[in-house]
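Sequences listed follow chains P and R, in order.
For the working numbering, count along the first sequence from 1 and bump the result up by 329.
For the working numbering, count along the second sequence from 1 and bump the result up by 329.
Rather than coming from a laboratory, the hints here were simulated on the basis of the structure.
Bear in mind that the values here come from a model prediction, so they are computed numbers and not experimental data.
You may find that some hints are simply not true.
Below 35 angstroms or equal to it, Euclidean Cα-Cα: the simulated DSBU-like pairs (lysine-lysine) are [said to hold, decoys possible]:
no., chain 1, residue 1, chain 2, residue 2
1, P, Lys-633, P, Lys-535
2, R, Lys-615, P, Lys-436
3, R, Lys-515, P, Lys-436
4, R, Lys-615, P, Lys-405
5, P, Lys-515, R, Lys-615
Number of protein chains: 2
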Amino acid sequence: MSKNFDELLQKVKSVSKKTLSVACAQDVPVLEAVKEAHDLGIVDATLVGDEAQIRSIAKDIGMDLSDYRIVNVEDKVEASLTAVKLVHDGEADMYMKGILPTKDFLKSVLNKEVGLRTGKTLSHVAVMEIPGVDHLVFLTDVAFLPYPTLQDKVQMIEYTVDVANACGVENPKVAPLAAVEVVNPKMPVTVEADELRKMNESGEIKGCVVDGPLSLDIALYESAAKEKGAQDRPCAGKADILLFPDIHAGNLVYKAINHMVPGIKTGAILTGTKSPVILSSRSDTKDVKINSIALAAVLSEHMKKANA
Amino acid sequence: MSKNFDELLQKVKSVSKKTLSVACAQDVPVLEAVKEAHDLGIVDATLVGDEAQIRSIAKDIGMDLSDYRIVNVEDKVEASLTAVKLVHDGEADMYMKGILPTKDFLKSVLNKEVGLRTGKTLSHVAVMEIPGVDHLVFLTDVAFLPYPTLQDKVQMIEYTVDVANACGVENPKVAPLAAVEVVNPKMPVTVEADELRKMNESGEIKGCVVDGPLSLDIALYESAAKEKGAQDRPCAGKADILLFPDIHAGNLVYKAINHMVPGIKTGAILTGTKSPVILSSRSDTKDVKINSIALAAVLSEHMKKANA
Chain P
330 MSKNFDELLQ KVKSVSKKTL SVACAQDVPV LEAVKEAHDL GIVDATLVGD EAQIRSIAKD
390 IGMDLSDYRI VNVEDKVEAS LTAVKLVHDG EADMYMKGIL PTKDFLKSVL NKEVGLRTGK
450 TLSHVAVMEI PGVDHLVFLT DVAFLPYPTL QDKVQMIEYT VDVANACGVE NPKVAPLAAV
510 EVVNPKMPVT VEADELRKMN ESGEIKGCVV DGPLSLDIAL YESAAKEKGA QDRPCAGKAD
570 ILLFPDIHAG NLVYKAINHM VPGIKTGAIL TGTKSPVILS SRSDTKDVKI NSIALAAVLS
630 EHMKKANA
Chain R
330 MSKNFDELLQ KVKSVSKKTL SVACAQDVPV LEAVKEAHDL GIVDATLVGD EAQIRSIAKD
390 IGMDLSDYRI VNVEDKVEAS LTAVKLVHDG EADMYMKGIL PTKDFLKSVL NKEVGLRTGK
450 TLSHVAVMEI PGVDHLVFLT DVAFLPYPTL QDKVQMIEYT VDVANACGVE NPKVAPLAAV
510 EVVNPKMPVT VEADELRKMN ESGEIKGCVV DGPLSLDIAL YESAAKEKGA QDRPCAGKAD
570 ILLFPDIHAG NLVYKAINHM VPGIKTGAIL TGTKSPVILS SRSDTKDVKI NSIALAAVLS
630 EHMKKANA
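Using the sequences provided together with the hints, build the complete structure.
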């Protein structure tokens, strides 16, 4: 079980090396992250995009391109379709966004012929190493799916359980979060959290322990759980997966702790696709991108094993 | 302007000393906080509740009761009605919860004859001193009103502007938060945030600058605002007031940063009442209670001046 990103980066090295396909790779931060991930031995990469620009940036950042496959496609939309097809065809294991609009990148992911669509809803998992919490925490959804339905949430739990499993966390503890830890008919979020708990109890949601509603302090801190007499709740103080009521709650928590907690580390991945997809954003640091590549690599290994 | 709680505690000493009425004061953490606030010169207090128990606890914690008025009422509901009436009648300036169920405490606040009801919706403001942010941040609502309507939010802004004013923050910058900083019809929260901005522009919401929707990073951090090209937004990087979409978003952020950010400081107050009300919870530390008493004292002064 990877308890932090250092352990995850070690774990990646123990599986067969994966290949990343990057759409529109002609971007300094993206190439810096790919270079470092490659230098760490985590991935090989195929760089799809404007070759002249890629070569120029590589020269500037001291990146030896002889280790990489380059596919020259100048048009950005076309480049994304070429890059995603490599993953679709099995020539690469995972797909990463370079410098193109998110909308166009997602269109390539969902392309019916060459994309990675499964027919299921796409969602997003952020993985965080939080000082004071002794295990990796998997947050969903802080960035992609605005208002998930109950059925979406069932899938989001399944996706996130896969990501947790890929990181070596077996039978993860899932906390559907709310402002309070008791069911209150006046707060639909708590009713839905209880519904998810029941679906887990009845075996409809498998491979995890769902215990909701939980407040964030009870989910992550045993001291808070004890203080509130909730220490016997199955996920109290030990939640691996935090399921947010909606994107606003998730994103506001994510951005708050990302900016305010010294030493916090993050990686993230899109879920609901045939192969791992990294939807990096411009504001992600190099470390976030590298952590996300590592996540994608262990998830790729996990998905291949599951399908084998 | 109080930039942090130390400055706020200094500010309180510059206004005429206020009197706190405590309902069911027979509780160690409550009496410890009242004692320390009194020792700091912030308040006088009337302790309503079980006198024998109050005297016994006072002895244990070295609290000299000759400085306090004690009103012996053993029944908890009756004690709360007695305590709130002192504020209603002007014999005390603010009202604080001791050891009784929140439900009963709120009933006393809303009591038609002796309570502090205004007929307006009750809400809650948490004030936080966040390391890395150079001013106090006012969060609403992280603890009380589950699903505020647009009209509720207008009132919540008015309440929080009053609290900010009481802390010396003139014309506070208000950020109605969302996952994103642009209006998206598929995300009703962003439409509502924009609605509040327009109501401020047209003069319907006064005494502040409303700029929404904003994401949390843009609201509080100029670097994030610049990165996203949002540095010219009126509240970018400088938001005083964070208005949350609902209680889940607010509470999850509040609990996350309260537990995860070293050195964070907090105080809180109920709003929408005739006089300041402190709805302290068992899990609040002594410092949180003292900060809340200080907030109540400056708010009491502010409300008296406004009504003079």
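Exercise. Tell me, in ascending order, the numbers of any earlier hints that this structure violates.
Key: Hints 2, 4 not satisfied by this model.
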